[in-house]
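Chemist: The sequence shown: position 30 = 602 (this note's numbering), numbered continuously.
The hints are simulated quantities; they were obtained by calculation from the structure and are not laboratory data.
Given the structure is predicted, the values throughout are model-derived calculations rather than measurements.
Cut-off 20 Å, straight-line C-alpha distance, at most; resulting in silico cross-link-like pairs (PhoX-like, lysine-lysine): (1) 622 x 610; (2) 603 x 613; (3) 623 x 613.
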Amino acid sequence: MKEILDVIVWGGFIFLLFVFVRGMNDTQTQKHADMLEKTAKRRKELEEEKKNLEGQNKND
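Kindly generate the complete structure, drawing on both the sequences and the hints.
Modeler: Rendered as structure tokens:
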């Protein structure tokens with residue numbers, strides 16, 4: 573009985589994985605890439621702000 577449940581669970585997992593991978597069409601992957609690019613840009617801006625603040629604190 574446990575083997576049957578294992579097969580059902582693994583089958584469901586593989587099915588969901590297939591649906592997810594198939595669902596990542598070009599539009600979604602482009603949106604994801606844009607989001608990553610936006611996040612990286614914001615992180616870089618924050619690092620620059622931090623450096624500027626540290627420089628100001630040293631001058632004070």
